[in-house]
Amino acid sequence: MTNEENMTEVLTGETDRRVASSATASPTSLRVDGVTAAELHAKGVHAWFGERMVLENVDLVMERTKVTALIGPSGCGKSTFLRILNRMHEIVPGASLAGSVDLDGEDIYDPNQRAATIRRHIGMVFQRPNPFPAMSVRDNVLAGLRFNRIKSKHKDEIIEEALTKAGLWSEVRDRLKDMGGALSGGQQQRLCIARALAVKPAVLLMDEPCSALDPGSTLRIEQTVKEIAHEVTVVIVTHNMQQAQRVSDKTAFFLSQDGNPGYIVETGKTEDIFARPQDPRTADYVQGRFG
Amino acid sequence: MTAVMDSPDIEDSGEIEEKKVSAIRRIRPKEFKPSDVVILLLTLAASYSIIWIIFAQLTLLSGALGFVVLWIPTFLFLYWFVNRQMFTRQVAVDRLIGSIVTLGAGIMMLPLVMLTIFVFQKGLPLLSWDVLTKTQQGVVYTGPSGNNIGGVAHALVGTIEEVAIAAAIGIPAALLTAVFINEVGGRFTKSVRVVVTAMSGTPAIVAGVFIYSIWVTKFHYSGFAGALALAIILLPTVTRGTEEVLKVVHNDLREAAIALAAPEWRTVWSVVLPTARSGLITSVLLGVAISIGETAPLIMTIFGNQVMNANPFVGPQMGLSLLSYKQIKLPIQSQIDLGYTSALVLFVLVFGIFILARILGAQRKGSGGGRRSLLSFVRWTPGSALEPNESAVVKKEEFSSD
Amino acid sequence: MTSELAPSPLKLANKRSNEDRLFRGVTRGAGLATFVILALIGVFLFIEALPAFRSQGWRFLTNTGWQTTGAHPQFGVLSALSGSIIIAVIGLIIAIPVSISCALFINEYAPDTLLRFIPFKNFLTAAVDLMAAVPSIIYGMWGFFILQPHMVGLEKWLSTFFGSLGIFQNTSGAYTSSFFIAGTIVGIMCMPIITSLCREVFSLTPSGEREGAMSLGASRARVIRDVVFPFSKGGMIGSIMLGLGRALGEAIAVAIIIALAFPLNFHVVQAGGNSIAALIALQWGAGGNLGTSALLAAGLVLFILTLIINMIASRIVNASKMAGR
Ligand SMILES: Nc1ncnc2c1ncn2[C@@H]1O[C@H](COP(=O)(O)OP(=O)(O)OP(=O)(O)O)[C@@H](O)[C@H]1O
Ligand SMILES: [Mg+2]
Numbered sequence: 001m002t003n004e005e006n007m008t009e010v011l012t013g014e015t016d017r018r019v020a021s022s023a024t025a026s027p028t029s030l031r032v033d034g035v036t037a038a039e040l041h042a043k044g045v046h047a048w049f050g051e052r053m054v055l056e057n058v059d060l061v062m063e064r065t066k067v068t069a070l071i072g073p074s075g076c077g078k079s080t081f082l083r084i085l086n087r088m089h090e091i092v093p094g095a096s097l098a099g100s101v102d103l104d105g106e107d108i109y110d111p112n113q114r115a116a117t118i119r120r121h122i123g124m125v126f127q128r129p130n131p132f133p134a135m136s137v138r139d140n141v142l143a144g145l146r147f148n149r150i151k152s153k154h155k156d157e158i159i160e161e162a163l164t165k166a167g168l169w170s171e172v173r174d175r176l177k178d179m180g181g182a183l184s185g186g187q188q189q190r191l192c193i194a195r196a197l198a199v200k201p202a203v204l205l206m207d208e209p210c211s212a213l214d215p216g217s218t219l220r221i222e223q224t225v226k227e228i229a230h231e232v233t234v235v236i237v238t239h240n241m242q243q244a245q246r247v248s249d250k251t252a253f254f255l256s257q258d259g260n261p262g263y264i265v266e267t268g269k270t271e272d273i274f275a276r277p278q279d280p281r282t283a284d285y286v287q288g289r290f291g
Numbered sequence: 001m002t003a004v005m006d007s008p009d010i011e012d013s014g015e016i017e018e019k020k021v022s023a024i025r026r027i028r029p030k031e032f033k034p035s036d037v038v039i040l041l042l043t044l045a046a047s048y049s050i051i052w053i054i055f056a057q058l059t060l061l062s063g064a065l066g067f068v069v070l071w072i073p074t075f076l077f078l079y080w081f082v083n084r085q086m087f088t089r090q091v092a093v094d095r096l097i098g099s100i101v102t103l104g105a106g107i108m109m110l111p112l113v114m115l116t117i118f119v120f121q122k123g124l125p126l127l128s129w130d131v132l133t134k135t136q137q138g139v140v141y142t143g144p145s146g147n148n149i150g151g152v153a154h155a156l157v158g159t160i161e162e163v164a165i166a167a168a169i170g171i172p173a174a175l176l177t178a179v180f181i182n183e184v185g186g187r188f189t190k191s192v193r194v195v196v197t198a199m200s201g202t203p204a205i206v207a208g209v210f211i212y213s214i215w216v217t218k219f220h221y222s223g224f225a226g227a228l229a230l231a232i233i234l235l236p237t238v239t240r241g242t243e244e245v246l247k248v249v250h251n252d253l254r255e256a257a258i259a260l261a262a263p264e265w266r267t268v269w270s271v272v273l274p275t276a277r278s279g280l281i282t283s284v285l286l287g288v289a290i291s292i293g294e295t296a297p298l299i300m301t302i303f304g305n306q307v308m309n310a311n312p313f314v315g316p317q318m319g320l321s322l323l324s325y326k327q328i329k330l331p332i333q334s335q336i337d338l339g340y341t342s343a344l345v346l347f348v349l350v351f352g353i354f355i356l357a358r359i360l361g362a363q364r365k366g367s368g369g370g371r372r373s374l375l376s377f378v379r380w381t382p383g384s385a386l387e388p389n390e391s392a393v394v395k396k397e398e399f400s401s402d
Numbered sequence: 001m002t003s004e005l006a007p008s009p010l011k012l013a014n015k016r017s018n019e020d021r022l023f024r025g026v027t028r029g030a031g032l033a034t035f036v037i038l039a040l041i042g043v044f045l046f047i048e049a050l051p052a053f054r055s056q057g058w059r060f061l062t063n064t065g066w067q068t069t070g071a072h073p074q075f076g077v078l079s080a081l082s083g084s085i086i087i088a089v090i091g092l093i094i095a096i097p098v099s100i101s102c103a104l105f106i107n108e109y110a111p112d113t114l115l116r117f118i119p120f121k122n123f124l125t126a127a128v129d130l131m132a133a134v135p136s137i138i139y140g141m142w143g144f145f146i147l148q149p150h151m152v153g154l155e156k157w158l159s160t161f162f163g164s165l166g167i168f169q170n171t172s173g174a175y176t177s178s179f180f181i182a183g184t185i186v187g188i189m190c191m192p193i194i195t196s197l198c199r200e201v202f203s204l205t206p207s208g209e210r211e212g213a214m215s216l217g218a219s220r221a222r223v224i225r226d227v228v229f230p231f232s233k234g235g236m237i238g239s240i241m242l243g244l245g246r247a248l249g250e251a252i253a254v255a256i257i258i259a260l261a262f263p264l265n266f267h268v269v270q271a272g273g274n275s276i277a278a279l280i281a282l283q284w285g286a287g288g289n290l291g292t293s294a295l296l297a298a299g300l301v302l303f304i305l306t307l308i309i310n311m312i313a314s315r316i317v318n319a320s321k322m323a324g325r
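Protein chains in written order, with full-length UniProt numbering: chain L, 1 to 291; chain Z, 1 to 402; chain V, 1 to 325.
It should be emphasised that the hints constitute simulated quantities derived from the structure, not laboratory data.
Glycine is no exception: its CB is placed at the ideal position from the N, C-alpha and C atoms.
One should not assume that every hint holds.
Claimed, not checked - Using 20 Å as the maximum straight-line C-alpha spacing, the simulated EDC-like pairs for lysine to aspartate or glutamate come out as follows:
id, chain 1, residue 1, chain 2, residue 2
1, L, 43, L, 110
2, Z, 190, Z, 130
3, V, 11, L, 178
4, L, 226, L, 161
5, V, 11, L, 51
6, L, 155, L, 178
7, L, 226, L, 258
8, L, 269, L, 59
9, V, 11, L, 63
10, Z, 33, V, 19
11, L, 165, L, 139
12, V, 233, Z, 244
13, L, 155, L, 174
14, L, 269, L, 258
15, Z, 122, Z, 255
16, L, 153, L, 171
17, L, 151, V, 112
18, L, 177, L, 156
19, V, 11, L, 90
20, Z, 247, Z, 183
21, L, 177, L, 157
Stated by the list, open to error - Here are the simulated distance ranges between beta carbons:
id, chain 1, residue 1, chain 2, residue 2, range
22, Z, 314, V, 225, 42 to 50 Å
23, Z, 218, V, 206, 28 to 36 Å
24, V, 62, Z, 121, 27 to 35 Å
25, V, 70, Z, 133, 44 to 52 Å
26, Z, 220, L, 177, 37 to 45 Å
27, Z, 140, V, 266, 41 to 49 Å
28, Z, 84, L, 51, 53 to 61 Å
29, Z, 359, V, 315, 36 to 44 Å
30, V, 212, Z, 106, 38 to 46 Å
31, V, 169, Z, 102, 30 to 38 Å
32, V, 209, L, 51, 24 to 32 Å
33, V, 208, Z, 310, 29 to 37 Å
Claimed, not checked - A few chain Z positions that, by computed beta-carbon distances, are all more than 12 Å from chain V:
id, residue
34, 52
35, 140
36, 149
37, 311
Given only the sequences and the hints, what does the whole structure look like? Please build it.
Here it is in structure tokens:
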């Protein structure tokens, strides 16, 4: 674990520049395998669907080994922003974007970057649990390795580790051969988390991962998030204020008004956003007065 | 979901509890009460007698078919009228539509039942090991029928070879085309889809004359020429079927694979195709089953042969369907009967492919994927009743276990 | 809210790996091959049909006879073409109501299980699929030996009571081997195709809308009319058009039933008729080289006809899809 190192790096800010300069030399060797948690820095991000701009000039630093929560009313572009962070936005026909997103100082939208490489380092968990239905639990966890042709002699360890981190191991250890779709909704979602963790991403993006789940499963997943945050940077979209408070270190409040593009109203430490919001709109939102 | 809606019977979940607490009563609300059954039966009887009277007058209209043709509309009208009088207009219309629709299904099933009986009745008597292993070699078709009726072996071998070659060519091409349309896309997607649609509407006999003009005129009749024609018939059928099942693979899964940094071909090969597996098998086997029974395109490609020709690349071959077609035009009853037997063998082959489709395409529990129709009834076990709305969307089996 | 300096979207160079480029290349090749095949069908049929076109010119489309041998060959595709259309129309008139009813029954009415253990719905679906795969030769034989005797009575009745309508007139007194019987069998053959496609589109009706309507108290008939039909209009038309394609092109079943007659004939319950596909099947090998060429020319006409119908069909389907959404 390099948690402490990472912490200090973030604090000093020194390493960022260093990594950035070394990265530009060989952009494809973005990150070394096994290195955990990276900082994600979105700079001046705009997004369009067709001609319609849905995000305008979003700047956000998602710090290493911290959990960043994105909150805001429906339709303000949180999912869009999240998908920009691992280049999933561009697979939507007609979608475009501007700005840059730096992963440990290196722009993931650099023309020399391959989207697939980026996505391997920045994992994603979706709103609806989507395990591959034709694969067993085991194969689901290993899917990322298989897709990326990562050979490993320690498959069983990887599976156990990923499932343990996702808080699912004890429930499925005897059911690894079952189909992914045969689990309950909450279990499926944790399987998806395990699947994303198995390739050891530096960042994990989660788009309302609990919205389809019951309170019990939600708590399990929140626990999981807190546990994995030691080794992976987490960005989580949530509509649940309590959840944001429970799991996140930092919160960004998105807003879009009257069909205008969404933007960030306020970012800050989660306690501050909820206890001492600077902007009256933030205060209204977190206190449930609108949205 | 539809049928369940009106009768939310709780029997599945109640199954276990019931053994413990026998006092639990299952509620199965039915829209159709016993009194309604009485109305239905009375209306049936009334319309029957009305038509019987008219029918007796119109003696011209002979046969059961004519009777039924008159009976159906009379019954429908009467049934609507009675319900209209006894209940509301809505109920009457609802019941009218219900009975029309049920009748439609009945009329639909009738030919299948009759066909099956017909084929077995006519084809079975002659079916023997001898007929299956002999060819038409040395059989003379003119004059009084001798005891030498020959057999269908040459046609069976021909059919299997032709269809195998056609499948080997057509199925990969069809899968790739469907993947292109649905997964890869690009500038030509739309036009390729239009062309495939156009091809699937092209009559089989056109495929036959095309292969004749492009192949047979230069390389003469052969089983391979027939296989080419069958491949052309198979290609659009399988492409469209595959496209349909690929379409219902939920986009979530593709995104999940992309988010795991899978290359395109990996996403298709490891996620999309396996998810649609059962639907794929269905569409492929349906394509094969349809092409195996084609007759018209064989006339001008394999030409037909009385003797065994196991080499599909040289010389005329025979096929079961073509043999049937030729036999039933002969003036000798025993030869016509052989045509029936050949048709029976063909029917059994087609049916066998269906069973195969069911077994191979059977759904593994919890694997969701594009389930399509096809012979679900082979699994006769209770509880295999699958959900009614087979939209074949990759549904999460919501909270299915635990 | 817009900044003065409007940001421009990034141009994303989508770098693909070699394997993905190969994958794309191969699948695209397969896709484009379908173009080539379709073009080749037109070109080669035309080349081989040239002798026939040279011999008859435009009269090939207006002649009704089929005399391909001798010093003065005279042949044309008109009666076969009209016959194909008559058979297809009769077939569709029979097939459409039955198919749509059956599809609705399977989708909306049929109980899941019958007697608690027969998976009824699946059984019906499978039966329909099986019907689609039953070889046309078997339909033809069944139609000729079993259906035809039953049909004759109905035909007589039709000609007696509706003979004055013209099309039901019977001037020869022979009722077998007629358009009506051929059309009926072709209709039966189209039923499974139309049914299974309709069932498919019906089942795609979003359950949200369906349940929404039901929760408002709509009866099943209402749901069908107001939710299922509007949603699946395009698909229904498409499936009917596909059925039409099959009906127009059915060769063997028609060839077995119909008695080939070349004069133009609209009396559907009267013996004798013609159809392009059946003509090709029945006349193959007869009539010498010019005869073969003439049959290929007829095949080209059939090809173009079905092509046009399918193009129109996909237009309609697309248009109704646009309107429906
Ligand atoms: N595929 C798309 N095509 C066109 N517009 C889209 C698409 N997806 C999203 N949008 C639009 O982009 C805007 C932002 O959508 P986004 O999904 O990012 O919102 P969100 O903040 O995630 O909302 P929610 O909390 O409801 O999930 C919305 O106005 C939405 O209508
Ligand atoms: Mg969202």
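Verification of the hints:
{"no.": "1", "hint": "L:43 with L:110", "in the structure": "holds, 13 Å"}
{"no.": "2", "hint": "Z:190 with Z:130", "in the structure": "violated, 53 Å"}
{"no.": "3", "hint": "V:11 with L:178", "in the structure": "violated, 43 Å"}
{"no.": "4", "hint": "L:226 with L:161", "in the structure": "holds, 16 Å"}
{"no.": "5", "hint": "V:11 with L:51", "in the structure": "holds, 15 Å"}
{"no.": "6", "hint": "L:155 with L:178", "in the structure": "holds, 17 Å"}
{"no.": "7", "hint": "L:226 with L:258", "in the structure": "violated, 35 Å"}
{"no.": "8", "hint": "L:269 with L:59", "in the structure": "holds, 15 Å"}
{"no.": "9", "hint": "V:11 with L:63", "in the structure": "violated, 28 Å"}
{"no.": "10", "hint": "Z:33 with V:19", "in the structure": "violated, 64 Å"}
{"no.": "11", "hint": "L:165 with L:139", "in the structure": "holds, 17 Å"}
{"no.": "12", "hint": "V:233 with Z:244", "in the structure": "holds, 17 Å"}
{"no.": "13", "hint": "L:155 with L:174", "in the structure": "holds, 16 Å"}
{"no.": "14", "hint": "L:269 with L:258", "in the structure": "violated, 28 Å"}
{"no.": "15", "hint": "Z:122 with Z:255", "in the structure": "violated, 55 Å"}
{"no.": "16", "hint": "L:153 with L:171", "in the structure": "violated, 24 Å"}
{"no.": "17", "hint": "L:151 with V:112", "in the structure": "violated, 47 Å"}
{"no.": "18", "hint": "L:177 with L:156", "in the structure": "holds, 13 Å"}
{"no.": "19", "hint": "V:11 with L:90", "in the structure": "holds, 10 Å"}
{"no.": "20", "hint": "Z:247 with Z:183", "in the structure": "holds, 9 Å"}
{"no.": "21", "hint": "L:177 with L:157", "in the structure": "holds, 16 Å"}
{"no.": "22", "hint": "Z:314 with V:225: 42 to 50 Å", "in the structure": "violated, 60 Å"}
{"no.": "23", "hint": "Z:218 with V:206: 28 to 36 Å", "in the structure": "violated, 53 Å"}
{"no.": "24", "hint": "V:62 with Z:121: 27 to 35 Å", "in the structure": "violated, 46 Å"}
{"no.": "25", "hint": "V:70 with Z:133: 44 to 52 Å", "in the structure": "holds, 46 Å"}
{"no.": "26", "hint": "Z:220 with L:177: 37 to 45 Å", "in the structure": "violated, 55 Å"}
{"no.": "27", "hint": "Z:140 with V:266: 41 to 49 Å", "in the structure": "holds, 43 Å"}
{"no.": "28", "hint": "Z:84 with L:51: 53 to 61 Å", "in the structure": "holds, 55 Å"}
{"no.": "29", "hint": "Z:359 with V:315: 36 to 44 Å", "in the structure": "holds, 40 Å"}
{"no.": "30", "hint": "V:212 with Z:106: 38 to 46 Å", "in the structure": "violated, 31 Å"}
{"no.": "31", "hint": "V:169 with Z:102: 30 to 38 Å", "in the structure": "holds, 35 Å"}
{"no.": "32", "hint": "V:209 with L:51: 24 to 32 Å", "in the structure": "holds, 30 Å"}
{"no.": "33", "hint": "V:208 with Z:310: 29 to 37 Å", "in the structure": "violated, 57 Å"}
{"no.": "34", "hint": "52", "in the structure": "holds, 16 Å"}
{"no.": "35", "hint": "140", "in the structure": "holds, 20 Å"}
{"no.": "36", "hint": "149", "in the structure": "holds, 18 Å"}
{"no.": "37", "hint": "311", "in the structure": "holds, 23 Å"}
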